[in-house]
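Number of protein chains: 2
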Amino acid sequence: MAKAKFVLFGDSITQQSFLPAGGWGAALADRYARKADIILRGLSGYNSRWALFLLDRIFPTAALNPPVLVTVFFGANDAALPDRKSKAQHVPLSEYKENLQRIVSHLKGLSPSTRVVLITPPPIDVRGRQAYARYLRRATYGDSAEELPERTNEAAGEYAQACKAAAKEAEVPIIDLYSIFQQNPNWQELYLCDGLHLTAEGNTVVFEELVKILNSIGLAEENLPLDFPLYSDVDPLDPEKICRP
Amino acid sequence: MAKAKFVLFGDSITQQSFLPAGGWGAALADRYARKADIILRGLSGYNSRWALFLLDRIFPTAALNPPVLVTVFFGANDAALPDRKSKAQHVPLSEYKENLQRIVSHLKGLSPSTRVVLITPPPIDVRGRQAYARYLRRATYGDSAEELPERTNEAAGEYAQACKAAAKEAEVPIIDLYSIFQQNPNWQELYLCDGLHLTAEGNTVVFEELVKILNSIGLAEENLPLDFPLYSDVDPLDPEKICRP
Numbered sequence: 265m266a267k268a269k270f271v272l273f274g275d276s277i278t279q280q281s282f283l284p285a286g287g288w289g290a291a292l293a294d295r296y297a298r299k300a301d302i303i304l305r306g307l308s309g310y311n312s313r314w315a316l317f318l319l320d321r322i323f324p325t326a327a328l329n330p331p332v333l334v335t336v337f338f339g340a341n342d343a344a345l346p347d348r349k350s351k352a353q354h355v356p357l358s359e360y361k362e363n364l365q366r367i368v369s370h371l372k373g374l375s376p377s378t379r380v381v382l383i384t385p386p387p388i389d390v391r392g393r394q395a396y397a398r399y400l401r402r403a404t405y406g407d408s409a410e411e412l413p414e415r416t417n418e419a420a421g422e423y424a425q426a427c428k429a430a431a432k433e434a435e436v437p438i439i440d441l442y443s444i445f446q447q448n449p450n451w452q453e454l455y456l457c458d459g460l461h462l463t464a465e466g467n468t469v470v471f472e473e474l475v476k477i478l479n480s481i482g483l484a485e486e487n488l489p490l491d492f493p494l495y496s497d498v499d500p501l502d503p504e505k506i507c508r509p
Numbered sequence: 265m266a267k268a269k270f271v272l273f274g275d276s277i278t279q280q281s282f283l284p285a286g287g288w289g290a291a292l293a294d295r296y297a298r299k300a301d302i303i304l305r306g307l308s309g310y311n312s313r314w315a316l317f318l319l320d321r322i323f324p325t326a327a328l329n330p331p332v333l334v335t336v337f338f339g340a341n342d343a344a345l346p347d348r349k350s351k352a353q354h355v356p357l358s359e360y361k362e363n364l365q366r367i368v369s370h371l372k373g374l375s376p377s378t379r380v381v382l383i384t385p386p387p388i389d390v391r392g393r394q395a396y397a398r399y400l401r402r403a404t405y406g407d408s409a410e411e412l413p414e415r416t417n418e419a420a421g422e423y424a425q426a427c428k429a430a431a432k433e434a435e436v437p438i439i440d441l442y443s444i445f446q447q448n449p450n451w452q453e454l455y456l457c458d459g460l461h462l463t464a465e466g467n468t469v470v471f472e473e474l475v476k477i478l479n480s481i482g483l484a485e486e487n488l489p490l491d492f493p494l495y496s497d498v499d500p501l502d503p504e505k506i507c508r509p
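For the protein sequence lines, the chains are A and B, in the order given. Just remember that the working numbering sits 264 ahead of the position in the first sequence, which is counted from 1. Just remember that the working numbering sits 264 ahead of the position in the second sequence, which is counted from 1.
All clues given are correct.
Treat identical chains as interchangeable: a pair holds within one or across any two.
Mimicking DSS-like on lysine-lysine, the simulated pairs with C-alpha atoms at most 27 Å apart in a straight line are:
{"no.": "1", "residue 1": "Lys299", "residue 2": "Lys505"}
{"no.": "2", "residue 1": "Lys505", "residue 2": "Lys349"}
{"no.": "3", "residue 1": "Lys267", "residue 2": "Lys505"}
{"no.": "4", "residue 1": "Lys299", "residue 2": "Lys269"}
{"no.": "5", "residue 1": "Lys267", "residue 2": "Lys299"}
These are calculated hints, taken from the structure and not from any lab test.
In isolation and in its complexed conformation, chain A is listed as follows:
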């Protein structure tokens, strides 16, 4: 059962990547069916500091079947403002960058063939975020009082920059989701469902950008071996051949 293993490591945007409406993780599992196992390690609400604590548990060194690919997608929670409601999730900018570097270094040490892809946090649509918070408060408390935003697009941008710098220094590819989303003038509604998490279209962008990178680092789907022969290649006179490696 040892098959190439792709691990998706990140926060809620990773945890939700198998949502029915076209999640990027599910799309990857579909594309790489019979070629790689897609293992979900998304931890809603987590930041790079907590991720670091879990590295040895999730990615033990000297494991039998180390991952061929790990996507690292933290920052949306690190960038929560330190003086607002989500402050427990905040991680200072310089520590965030250092944490990413330590995560990448650990992952690269798993095996010479382990490839790492960083993903920046998405941009933040404060108005979408507030509308969602209002909706939640109304639904939960019958109350719609405004609160100060716990995230801003400017802060997310600084963390995206730090993520890019970490990728450059560690020489690993990166999906600059922060910039890519904002190239579309309707990014707020098109790619984000609540000002932070991704719509089906946002998921599609992550999937397509990831496929581009996989194609460029020797992990193109068409170049990976099938687990077993195509059914049309099974020899009807000696079908048992399929189980001989």
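Please build the complex by placing chain B on the supplied structure of chain A, with the hints as guidance.
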């Protein structure tokens, strides 16, 4: 990284279970995020005879982390008629039943906690199947000559019955997809996209029926442990606690 493992073992209907439009495998991965890894072992075109050859490769005995759940979903290809175009995939009815029993017996032997769920082949809509074949021939050869159907609903029904008998004898739960789909008078268009494979609605039925069974055999999502604490339970004064088992 040892987490409960659910393996989806079957033919193309399993292989395609992560398709973007609401695949049942993806829905399961979403529902059980942070609780179980959903491992895809769908082999398009395979029948129960070929599945049997692969058992030791896919499910070695004495593996370190045996699956907690295996879904076994073969029969659609076994039921291909022996005198038509797909005859290489055909498996006689009695052998099909015996193969299922041997598969279940092997899987139950993996560990005392490994649970097996059988799924019958879906019903066949011959008209939908022929329309699809016509479409393919036109697209590929510019030719729309009719061919005799390679599958019938009657044959699928016999294999579904054999699957039910195997489940009963082995005392494992079963999703009788063949009957469940046909309870809806529009099953042909509602649940099947080409007379055989599943639409989004068909995928939803498989997912919902599987969840019902999981709830009844001690694998309800809400009863499985989370991998790591919820972010809201992380102690800000001692976050490193999350990595201590």
